[in-house]
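The primary structure of each chain is shown beneath.
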Amino acid sequence: MSRTSKARNLDGPALKGAQTAWDMLSEEQMQRHITTGCEELDAILGGGIHCKEVTEIGGVPGIGKTQLGMQLAINVQIPVDCGGLNGKAVYIDTEGSFMAERAHQIAEGCISDLSINFVHQRKDSISCPERMEPNNFLANIFYFRICSYTEQIAAINYLEKFLEEQKDVKIVIIDSITFHFRQDFDDLALRTRVLGGMSLKLMKCAKKHSLAVVLLNQVTTKFVEGSFQLSLALGDSWSHSSTNRIILYWNGNERYAYIDKSPSLRSASAPFLVTSKGIRNVTSHCKRVRMM
Amino acid sequence: MNCGTSSRTEEEMEEGFVDGEAGMKGDGRQPPWLSGVELLEDAQRNKHALPSGCEGIDILLGGGLREGQLTEIVGPSSSGKTQVCLHSALGVTDMHLGVVIFLDTCNSFSPNRIASIVNQQTGTLVKEGEESRLKRILSSILCQSVFDIFELLDVLHQLECKMKHQVTSGRNRIRLLIIDSISSLITPILGGKNSQGRLLMISTGILLKKIANEYNISVLVANHMVGGEGGNLKPALGESWRSIPHVRLLLSRDQGSNICNVSVLKHTIIMKALLTWALSVILMGDLIFTSTALIHQQLSLIKCLMLTTQRIQIRVEKKDFVEVVDILRVKKDLRSQWPSVDDSVLPIAGVMGSKPCGHSLDIGICLGHQQQPQLQENKNPTDGMYPENKSLMQLLCPGRSYHGWSMIWLHHVVVSLLIDDDVGA
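Residue numbers (the UniProt record's numbering), protein chains in the order written: chain A, 1 to 292; chain H, 1 to 425.
Keep in mind that the hints are not guaranteed to be accurate.
Unchecked claim - Far from chain H, by Cβ distances over 10 Å, these chain A residues were calculated:
#1 T20
#2 W22
#3 E28
#4 Q29
#5 P61
#6 E95
#7 T150
#8 Y158
#9 G196
#10 S239
#11 H240
#12 S241
#13 R245
#14 D260
#15 S264
Claimed, not checked - What follows is a set of in silico ranges between Cβ atoms, one per label pair, in the way DEER data are often shown:
#16 H:K266 / A:E27: 35 to 41 Å
#17 A:N251 / H:S195: 47 to 53 Å
#18 A:Q31 / H:W33: 51 to 57 Å
#19 H:D154 / A:P271: 57 to 63 Å
Calculated from the structure, these hints are not laboratory results.
Note that the structure is predicted; figures quoted are calculated from it, not measured.
Glycine included, every Cβ here is placed at the ideal spot set by N, Cα and C.
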């Protein structure tokens, strides 16, 4: 280092990579969120799923985790004019629950809703009708099928390199993160280490490439204080690995989402529906039914 | 040649001896030996206590986050650790104390959250506008994401170099270093066949303590909890890490409530011995912090400090008398019941209950003489109180009834109770 730069270093910022919170505030306020399709859920999330953060979504089987994952993979591709991010999605599937036909259906539902809501705003947009084909939406989802935990570790290690090449990816969905780690893992300490390393890598990807990472998780029963309670799989050590946590649960016959952990959001619940068009708001669906 | 080598070694020994002497006087090559008096002066002059942003935690810690010490907060997921870190950053920068460095490993640093806390608090300085206060606070917080233990060590070495040459004082001095959370960096490398992970963990801890001590900054780290024996949670990072932080605080939060409990696991100054019971209820925007009690049957001494709008300092000695000092403001209609509150001695029987009330707390205090237990069959001591907090009173004076005593309700208070069984014995 030359003397001048050394001298300059003394008065420069304390750390090379640090930002002041003031700069981060303006960045954070300009950051777009990924809508989930349900307005109430978006409202409690502060606009949608946050980028640069790792969100864990857990729930009992059949509640709609995969549906929500697919909806987010489609919604991230909404053009910027219509309030989306115009990005691509990476879908890492460990259970084989991704159905291309269902994704096609969700894409159609999304396009039809967009054309209803935004047609009066942008009559002169030429690019919109070109992009808004369900097949184009499907083409922007990069799909990885994982069959064992070693493949999962390898995929996440490869993700970094993949994201360097594909700069448009704005969401990474892993469905589900726990599946391959729950069975035949004898050494639990090794499992904790591997999962810890995996979560650090995902955090780093989220921050570095400004994308959202969504991890879908299963639930397990835990014997606490004399009763069985549902808790997310992989135990206490994994519960610290995400920035936000959303729990999906049944309340009678309705599906609800509850924010369990968040650094900036209040704990709240919101109902949502899984319809043929994807995840939708409860009230608007009812309104549509009434109109018909 | 033997003679040659021995003479050389003698010379070397002489040199080494001189070096040692010089070292004792402090020639700059190695830190000087200090006498006890010098250490005390250094502690009084340089090692201040930084506000932690929450009054109750400040009381619990005996002043706040002490410079030169490594404070650790442990808690299960979603218990409020990140909130405590954000509040400390806010507390230090709000008081114009200096710069805060926030090292974030889980992407949970949120300037929006700090902005919302600032907007909720009533501004202490009337002259400064809201916007400029927020800008001043946020400009003094530097945030960096680290995702690797080696990155962390690199950052710490950079900081050390920077602080060695630091000549500025006042606004630009680094005062507080927050790492949220250190266990996510160390868990991937800890354990396994080689012990390199443990080595890195201990070297990081020692480096943090060294930086804290030499440059008079306070270090706050957050740690996770993992499952221990019998399904109980225990702090992560194992037994080797336990002895590294100077102060350890345990956070817990019940499901669905916005009250967080803080208790002291380890402290250098506050005596714990058999019983340490600190109950602190702090207002933190929409989170209320209280600390749990490690219950002991025989309470010998209770020091009770109540802050914010109702300022009462109450000390209960062994004879169950309370010296009430410094009541600043009690509810007006109740003041008439206590004619000379300034220097009267009001006996206190206990805290009857507490209930969160919006953004504050209503606390019932039972004042009166400790009487012989009278059997009052139908008299429920907590009649009219909030039944779910009955246990609080029973903890204080188990098995006693409180018939005939006056109750005062203090509204919007912050309460802290400390019990030492060594003091005043």
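Hint check results:
1. T20: At about 5 Å from chain H, A:T20 fails to clear the 10 Å cut-off, so the statement is violated.
2. W22: Per Cβ check, A:W22 is inside 10 Å of chain H; nearest 4 Å; violated.
3. E28: violated (6 Å)
4. Q29: Contrary to the label, A:Q29 does not stay out of reach of chain H, its closest Cβ about 7 Å off (not over 10 Å).
5. P61: holds (22 Å)
6. E95: holds (24 Å)
7. T150: holds (17 Å)
8. Y158: About 17 Å separates A:Y158 from the closest Cβ of chain H, which puts it past 10 Å; holds.
9. G196: violated (4 Å)
10. S239: Label violated. Min Cβ-Cβ 4 Å, cutoff 10 Å.
11. H240: violated (4 Å)
12. S241: violated (7 Å)
13. R245: violated (7 Å)
14. D260: violated (6 Å)
15. S264: violated (4 Å)
16. H:K266 / A:E27: 35 to 41 Å: holds (38 Å)
17. A:N251 / H:S195: 47 to 53 Å: Since the Cβ atoms of A:N251 and H:S195 sit about 49 Å apart, the hinted range of 47 to 53 Å holds.
18. A:Q31 / H:W33: 51 to 57 Å: Distance hint for A:Q31, H:W33 holds at roughly 53 Å.
19. H:D154 / A:P271: 57 to 63 Å: violated (47 Å)
Of the numbered hints stated above, those contradicted by the structure are hints 1, 2, 3, 4, 9, 10, 11, 12, 13, 14, 15 and 19, listed in ascending order.
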